[in-house]
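Engineer: The primary structure of each chain is shown beneath.
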Amino acid sequence: MAVITYSSRVVFLVRPRTLPGGAVGRFLDVFPVALFVALATIGLGAPDGDPDVTIALAAAGGGLIGAVVTKRSLPGVVIFGGAAWWLARTLT
Amino acid sequence: MVVNPSFRAGLRDGVVILVAVGAFGVAFGALAVDAGMTGWLAVLASAIVVSGAAQFAMVGLLSSGAAPVLIATTGLALRHLPMSARLAAMIGPRSPTVRAALAYVLVDETFGLTIHASRRGEQNLVAYKFGADVLLYTGWVSGTVIGVILGSAADPESWGADVFFPLLFLGLAAPLVRTRRDWFVAGLAVVLALGATLALSDAWQITGAAAGAAAIGAGFRE
Numbered sequence: 003m004a005v006i007t008y009s010s011r012v013v014f015l016v017r018p019r020t021l022p023g024g025a026v027g028r029f030l031d032v033f034p035v036a037l038f039v040a041l042a043t044i045g046l047g048a049p050d051g052d053p054d055v056t057i058a059l060a061a062a063g064g065g066l067i068g069a070v071v072t073k074r075s076l077p078g079v080v081i082f083g084g085a086a087w088w089l090a091r092t093l094t
Numbered sequence: 002m003v004v005n006p007s008f009r010a011g012l013r014d015g016v017v018i019l020v021a022v023g024a025f026g027v028a029f030g031a032l033a034v035d036a037g038m039t040g041w042l043a044v045l046a047s048a049i050v051v052s053g054a055a056q057f058a059m060v061g062l063l064s065s066g067a068a069p070v071l072i073a074t075t076g077l078a079l080r081h082l083p084m085s086a087r088l089a090a091m092i093g094p095r096s097p098t099v100r101a102a103l104a105y106v107l108v109d110e111t112f113g114l115t116i117h118a119s120r121r122g123e124q125n126l127v128a129y130k131f132g133a134d135v136l137l138y139t140g141w142v143s144g145t146v147i148g149v150i151l152g153s154a155a156d157p158e159s160w161g162a163d164v165f166f167p168l169l170f171l172g173l174a175a176p177l178v179r180t181r182r183d184w185f186v187a188g189l190a191v192v193l194a195l196g197a198t199l200a201l202s203d204a205w206q207i208t209g210a211a212a213g214a215a216a217i218g219a220g221f222r223e
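Those protein sequence lines, which keep their order, are chains X and A. Position 32 of the first sequence, counted from 1, bears residue number 34 in my numbering, the numbering being contiguous throughout. Position 194 of the second sequence, counted from 1, bears residue number 195 in my numbering, the numbering being contiguous throughout.
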């Protein structure tokens, strides 16, 4: 496990590189957005293996409101989303 | 002692991650012991693999043998390829030792922070990432130790640790979505991620959804 994981992490870091152009460059440019949104969606969709759409949507909604209110700050998203999750869990 | 300002910035920004990763580490330690893994092995896994998703998959597949664990690990690890390519382009020429060390803790959370730091013009991205990595690594390993000690008495889900983590990723994505293409990719990632939870095994959902959304989004013209 450690070998597979570390190999995947180091393979493109072995040599100095610049961001390639063309489709590969555009892929790498948007990959972080795709990755973090996918991680958030999958995590909120089934946070503990028992999907609860209402609470997940409340947490996501709170996080998005936090993003707008705090000008997309990371702590803002987490605090607003966490508060919405807590509220939804208390009320449902 | 003078601490590099970028390293200090990494430490500062990593505090939010420390809390989430620490809680996740507690959950992993407790789950690993509960699944029959010895405590020292769980802590060793956290220290040398440093991959929450892969380690949770490992615990879930312990009884299935080595092959399913390695297949799951590969599925989860493939997402590191574009991450390492992107990081290599950001840090420029560095010594092999520094590159090897950066790769050791190339994880979603500190990768995201480093992307943000790059966009705001952080002077020394390597020092910045090391600062964030120190906190993440400390939180992950010490969280695992606490989880191993507490065992089933630890219940991070009861206070929302499982929701805190996806919110962290939402917070990492939010500042990156600026252009029409970013919005398109974000929307697509939501759709593909939901589809992946229905069509793919757990280990391939993240990589499949993220790579699919990025590949289609790469063809989007502004």
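Be careful, since some hints might not be right.
Said to hold, decoys possible - Which residues of chain A face chain X? A partial, calculated answer using Cβ under 7 Å:
1. Val164
2. Leu168
3. Gly172
4. Val186
5. Gly196
6. Leu199
7. Gln206
8. Ala214
9. Ile217
Unchecked claim - Facing chain X, a subset of chain A residues (Cβ under 8 Å, in silico):
10. Val4
11. Pro6
12. Ala10
13. Leu12
14. Arg13
15. Val17
16. Ala55
17. Ala86
18. Ser96
19. Gly122
20. Gly152
21. Ala154
22. Asp156
23. Phe166
Don't read these hints as lab results, they were simulated from the structure. Just so you know, these numbers come straight off a predicted model, no measurement behind them. Note that beta-carbon positions come from the ideal geometry of N, C-alpha and C, so glycine has one too.
Engineer: Run every hint past the structure and note whether it holds.
Structural biologist: Quick rundown of the hints versus the structure:
no.: 1; hint: Val164; result: holds (5 Å)
no.: 2; hint: Leu168; result: holds (4 Å)
no.: 3; hint: Gly172; result: holds (3 Å)
no.: 4; hint: Val186; result: holds (5 Å)
no.: 5; hint: Gly196; result: violated (10 Å)
no.: 6; hint: Leu199; result: violated (10 Å)
no.: 7; hint: Gln206; result: holds (6 Å)
no.: 8; hint: Ala214; result: holds (4 Å)
no.: 9; hint: Ile217; result: violated (9 Å)
no.: 10; hint: Val4; result: violated (22 Å)
no.: 11; hint: Pro6; result: violated (20 Å)
no.: 12; hint: Ala10; result: violated (13 Å)
no.: 13; hint: Leu12; result: violated (15 Å)
no.: 14; hint: Arg13; result: violated (11 Å)
no.: 15; hint: Val17; result: holds (5 Å)
no.: 16; hint: Ala55; result: holds (6 Å)
no.: 17; hint: Ala86; result: holds (4 Å)
no.: 18; hint: Ser96; result: violated (10 Å)
no.: 19; hint: Gly122; result: violated (16 Å)
no.: 20; hint: Gly152; result: violated (18 Å)
no.: 21; hint: Ala154; result: violated (18 Å)
no.: 22; hint: Asp156; result: violated (11 Å)
no.: 23; hint: Phe166; result: holds (6 Å)
In this structure, the hints that do not hold are numbers 5, 6, 9, 10, 11, 12, 13, 14, 18, 19, 20, 21 and 22, in rising order.
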